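K.L.:
In case you want the letters, here they are:
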Amino acid sequence: MRKISRLSRFNIASLTLGLAFLYLPILILVIYSFNASRLVTVWGGWSLRWYQELFSDRAMIEAAWMSLRVAISSATIATLLGTLAAVALSRGERFRGRTLFSGMLYAPLVMPEVIAGLSLLLLFVALNAERGFWTVTIAHTTLTMCFVAVVVQSRLGSLDRSLEEAAMDLGCDPVRAFLAVTLPLIVPAIVAGWMLAFTLSLDDLVIASFTTGPGSATLPIRIYSEVRLGVKPEINAICTLVIGLIAVVIVIASLASKLSSSQGESAAPL
Amino acid sequence: MTDKLPRTNATAKAARGDAHPAAGEPLLRIEGVAKTFGTFRAVDGVSLDIKAGEFFALLGPSGCGKTTLLRMLAGFEAPDEGRILLGGKDIAQALPHERPINMMFQNYALFPHLAVRDNIAFGLKRAGMARGEIATRVAEMVALVKLEGLEKRKPDQLSGGQRQRVALARALARRPQLLLLDEPLAALDKKLRENTQGELMELQRRLGMTFIIVTHDQEEAMTMASRIGVMRDGKLAQVASPRELYEAPHSRWIAEFVGDVNLFDGEFKLRDGHQLVIATQGAGTLVVAEPRERVGESHLSVAIRPEKVKLSRRGPVGEIGHAVAINSLDGVIADICYLGGTTTYKVKLDAGGMMQAAVANSARLDIDAYSLNQHVVAWFTPDDCVVLPS
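Chain order of the listed sequences is Z and B.
Numbered per my numbering, the first sequence spans residues 1 to 270.
Numbered per my numbering, the second sequence spans residues 1 to 390.
Do not take every clue at face value.
The list that follows gives simulated cross-link-like pairs (lysine-lysine, PhoX-like), each with its CA atoms no further than 25 Å apart [claimed, not checked]:
(1) B/K308 with B/K269
(2) B/K152 with B/K125
(3) Z/K258 with B/K152
(4) B/K348 with B/K310
(5) B/K346 with B/K308
(6) Z/K258 with B/K154
No lab work stands behind these hints, which were simulated from the structure alone.
The structure presented is a predicted model; accordingly, all values stated were derived computationally and were not measured.
Work the whole structure out from these sequences, hints included.
P.N.:
Rendered as structure tokens:
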């Protein structure tokens with residue numbers, strides 16, 4: 001018994017240290033966003049002054065709005081395409097080059113962002129596309145689509161094939177069987193995939209800075225360029241807001257995937 | 001089970017407006033059906049007729065092709081060769097939803113996102129039935145499989161036995177001409193399985209429906225089916241009633257696959273009226289009844305079921321009826337296996353072989369029991385022996 005309690009004390013200590021290492025910087029940032037002082041490193045008492053100033057900063061608000069629009073549209077397109085790719089890969093007939101195709105789909109997972117961004121920039125320049133909202137959205141779609149496909153495909157893989165067969169046996173054609181049985185069962189994975197794509201798009205700096213054009217900076221680009229001129233307390237405030245938003249999205253995504261996996265257990269009772 | 005009986009098979013069929021078999025025609029005719037996966041011939045030229053109202057079992061070891069054959073009947077696989085005629089119409093290439101056949105899956109395949117009621121109603125909605133009629137039919141099915149009060153539960157809130165009932169109700173709800181059951185009881189424990197066997201049989205009789213069950217459990221097939229098709233390596237080895245399969249197997253393999261058996265290889269010596277004399281290895285010279293179908297070779301096997309072998313201390317006793325010759329072999333008890341209702345003795349014969357004898361424990365006290373190394377006489381009549389090509 002003593003051994004166990006000593007061990008657990010060690011565990012508590014390492015857990016505390018680990019969490020502190022991860023979250024102390026963020027905590028300091030959040031606290032300093034409520035600092036009354038103009039100097040970032042000097043505590044001058046509690047205040048909401050920087051939030052006020054933030055909301056009167058047109059450029060910052062526009063960048064935030066741009067980021068939100070890009071994140072929502074790219075996540076939606078990526079979810080649609082990623083789900084279709086996952087369905088084709090796990091449900092379709094075994095076609096030639098299928099392994100190569102699925103390998104290529106997942107390549108962006110490991111591709112350095114700088115390379116992805118540069119190649120997309122070259123493509124847009126070659127196509128003579130006007131860089132702005134749509135180029136960033138397309139770039140983010142290609143980045144996040146594979147994440148959606150991974151999430152949805154793993155869910156499809158754990159689904160019992162005989163469920164679709166049972167639906168067909170009971171009078172559904174293959175398309176109907178997919179819509180009536182498979183789709184409702186993979187919805188949690190699709191939702192989780194969307195959330196993942198949304199957060200990835202929201203905090204991307206590298207690819208966005210390659211593919212965006214003048215006058216359409218996303219929030220990370222805006223923050224990065226502000227910080228280069230010196231950290232303003234206003235930055236702390238916007239970062240706190242972004243952290244809050246992402247935390248909410250991640251909590252929802254993990255709840256959705258938890259729901260998805262618990263339903264998976266009942267899908268395959270044997 | 002319930003007072004409320006579903007409509008009879010005839011009216012159900014009329015309601016569906018499907019093609020019926022003409023009088024005397026089988027409901028289902030399988031003609032030379034074959035299916036190859038890669039280089040593996042899973043089903044190899046199977047022909048079979050199944051009459052309306054039959055409870056047919058496809059029995060065989062795993063990998064014998066029985067499940068593939070069933071999946072071709074359901075429409076999940078298309079045969080490479082042959083025809084499948086249902087009521088005279090070839091359905092071999094029809095898709096699953098185009099067939100008036102339903103299947104109960106081995107793992108039940110209940111839709112986890114739907115309640116019991118919606119699982120049962122699933123096929124009815126697809127058939128475009130009116131809402132009121134669906135509700136009536138679902139209530140009927142729920143009563144039929146005794147699931148009252150559980151209609152709103154999700155599959156993961158049910159026990160294994162309850163899930164099995166939901167799967168059955170869902171497959172029966174559309175009143176198919178043919179119900180396929182893929183190892184329907186494999187996931188249940190022994191006691192529940194035995195009860196469910198009885199219920200399935202009663203249900204089949206009352207509904208007058210045609211059932212085809214796939215199983216690897218020969219006891220299950222014998223208990224439930226009116227006819228059994230034994231499959232081996234993609235072919236039908238024998239199609240017969242349970243009794244015929246057990247008492248008159250066509251081959252050594254079937255004799256060994258269905259139940260326990262004593263097998264002795266031997267050579268044909270002479271014919272004496274309707275009896276043959278065979279010199280066996282291990283059991284001396286045996287007198288056996290002449291088989292109905294002539295066995296051409298001189299090398300034969302003699303098969304005797306353990307429960308046909310009687311044991312006594314001195315020699316054949318009791319009424320033997322009209323049997324003129326008795327096979328009587330001396331030996332000693334080599335092994336005793338007490339099973340409750342019966343005891344299986346292994347007798348080491350003086351002639352060299354080993355003979356199993358299953359003796360009913362008809363008395364509670366063990367005054368009649370034999371002990372290890374005791375000298376006994378094992379005896380059986382010529383009619384108890386089956387002669388098989390070796």
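K.L.:
Hint by hint, note whether the structure agrees.
P.N.:
Status of each hint after checking the structure:
no.	hint	in the structure
1	B/K308 with B/K269	holds, 24 Å
2	B/K152 with B/K125	holds, 17 Å
3	Z/K258 with B/K152	holds, 23 Å
4	B/K348 with B/K310	holds, 14 Å
5	B/K346 with B/K308	holds, 14 Å
6	Z/K258 with B/K154	holds, 18 Å
When each numbered hint is compared with the structure, no violation occurs for any of them.
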